[in-house]
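Participant: So you can see what is in the structure, the chains are spelled out below.
2 protein chains.
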Amino acid sequence: MKLAIVGVGAVGRSVLDLAREYGHSVTAIADSESAAVDSAGLDPERVIARKDDEGRVGSRVPEEALKSEYDVLIEATPTTLGDAEPGFSHVTRALERDRHVVLANKGPIAERYGEIRRAERASAGEIRFEATVGGAIPAISTIEDFGPEHITAARGVLNGTANFILTRMAAEGLDYDHVLAEAQDLGVAEANPSFDVQGTDAALKCVIMANVLSGGEREFTLADAEVEGIEDVPGSALSLASEDGRTVRLIGEATRDGVRVGPRLIPENGTLAVSGTRNIVQFETTHAGRLNISGRGAGGPETATAVLSDVGRLE
Amino acid sequence: MKLAIVGVGAVGRSVLDLAREYGHSVTAIADSESAAVDSAGLDPERVIARKDDEGRVGSRVPEEALKSEYDVLIEATPTTLGDAEPGFSHVTRALERDRHVVLANKGPIAERYGEIRRAERASAGEIRFEATVGGAIPAISTIEDFGPEHITAARGVLNGTANFILTRMAAEGLDYDHVLAEAQDLGVAEANPSFDVQGTDAALKCVIMANVLSGGEREFTLADAEVEGIEDVPGSALSLASEDGRTVRLIGEATRDGVRVGPRLIPENGTLAVSGTRNIVQFETTHAGRLNISGRGAGGPETATAVLSDVGRLE
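Which chain is which? The protein sequence lines are A and B, in order.
Read in order, the letters of the first sequence correspond to residues 137 to 451 in our numbering.
Read in order, the letters of the second sequence correspond to residues 137 to 451 in our numbering.
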């Protein structure tokens with residue numbers, strides 16, 4: 137397949153890097169200010185070298201990548217809330233041209249699911265978005281394979297930064313502010329960590345799962361989610377929990393009735409108590425009990441793997 | 137889709153019971169001595185009532201079910217080794233008629249994988265066998281979605297009976313023979329438990345994963361597997377392991393180089409230490425680290441769920 141990548145962050149770069157290994161070629165790539173297009177397939181190393189040296193991927197304007205001939209648009213621009221732009225327009229423009237779209241960007245699926253699905257129905261193209269939930273964890277395709285009507289709830293640990301902080305607080309008996317600073321030094325937390333520690337990122341992932349579980353009967357956005365972050369979890373709460381064989385994790389839950397995210401007490405050695413930056417998704421199924429999937433929930437190659445699995449499912 | 141089910145054990149019955157909920161109809165079903173066929177769709181309750189009352193599902197001979205008009209043959213007869221008959225012939229005959237086949241029976245995939253794949257290539261039908269590994273756990277489809285070439289190893293706890301026995305031995309400090317008798321009373325272990333406790337069942341599942349990981353480059357059968365069971369694990373080994381924060385599990389491992397199954401020391405609170413009859417499959421991936429999937433590895437409805445997910449993937 138010919139892939140056009142929009143967004144040259146960690147995920148876009150990794151898709152560019154790994155596409156050939158998966159049997160695809162990247163024929164166009166765009167960052168916010170430039171683009172490179174080659175219908176014979178771009179050289180990943182040359183594109184990345186230019187991006188690193190000159191701050192741009194090529195000498196064309198982004199519009200040329202969007203208008204180029206490709207089979208699948210890879211939407212890997214940063215997640216934005218509300219109107220979810222410019223990701224939303226990238227997706228709908230590709231669908232209008234009867235092209236497939238694979239998203240790593242959560243915004244359009246979490247904030248404008250109904251519109252995206254309507255655009256898909258009017259198109260010969262298809263959308264897929266495994267990479268928006270849990271990085272390498274196949275959450276969305278598992279819901280699809282079981283059938284959304286056979287899953288009553290999805291819950292889990294869906295933000296590696298928050299989980300790293302809670303894990304360290306529990307292990308070292310340290311306070312939130314101290315561990316956050318450490319996480320920022322390690323590059324696990326961003327300079328502005330609010331998206332992760334306030335629960336927004338986990339909530340978006342749960343909103344996406346709620347939309348898939350609902351099968352279009354009800355549409356959810358971030359505004360429908362009850363969200364509480366981890367900023368107010370005192371170190372003493374983790375010590376007290378530990379004395380009782382329990383710990384605290386930021387747990388998100390999605391059902392057909394809504395989305396809730398917040399710090400919860402869970403068994404210290406239980407399935408949900410994944411450590412560090414790992415994620416876990418737990419499904420309650422109608423006929424097969426509980427299914428757990430854990431793995432790396434973020435990272436360039438990990439998320440690119442989910443993107444490229446989606447591309448494989450389009451074939 | 138119109139389903140023809142061969143085999144009326146726990147899995148066959150559950151597929152019959154759940155098919156309608158998944159949008160399919162069962163138009164034929166056969167046990168070893170009888171069959172029922174109705175192109176308009178069989179009534180599951182009536183079939184099961186007759187089987188329970190008279191020991192047969194209908195008044196026809198099994199051959200009529202195999203020759204009937206269906207879209208997908210569900211092969212749910214008991215796993216047999218060596219020539220894997222009669223399952224093998226059921227599969228190849230369906231493929232010769234250009235029909236799809238979904239297997240819950242491990243025999244044909246573990247013992248005659250190359251022949252089955254060759255028969256599939258000559259057919260317009262397709263084979264799927266998610267239910268042969270780990271019950272409700274989507275092991276095979278995860279390998280397919282990642283691409284076999286992107287997974288270097290699959291390992292895990294793949295036999296619920298053996299795991300139940302080891303879990304109880306560790307928790308209660310009891311010996312193998314005592315716990316086996318208890319498991320037999322509970323119906324967790326069969327009267328002849330050798331298939332489970334000697335590691336054969338786990339090995340077959342690993343052989344199947346090795347065949348999928350190899351993508352046909354090398355073919356494995358049970359004869360290629362190094363297998364050791366749990367019968368010789370003394371209760372004292374579990375006590376000693378526990379003092380060191382570890383426990384024993386029957387771990388199977390599949391790579392492109394071979395299959396090994398045996399009791400292994402693992403961390404007591406580690407990911408692989410699932411309890412009771414639960415199963416877990418752990419994949420080592422090339423670009424996305426380690427992925428774990430745990431859930432119910434056996435049971436009628438659980439395995440039927442995997443069968444019906446496979447049917448869904450054929451559409």
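Hints listed in this document are in silico derivations from the structure and should not be mistaken for laboratory results.
Be careful, since some hints might not be right.
Covered by chain A, according to a simulated footprint, are these stretches of chain B (three or more residues, beta-carbon under 8 Å) [what the hints assert, rightly or not]: (1) 170 to 176; (2) 264 to 274; (3) 420 to 430.
Glycine residues also receive a C-beta, built at the ideal position from the N, C-alpha and C atoms.
Participant: For a quick check of understanding: which of the numbered hints are violated here, in increasing order?
Facilitator: 1
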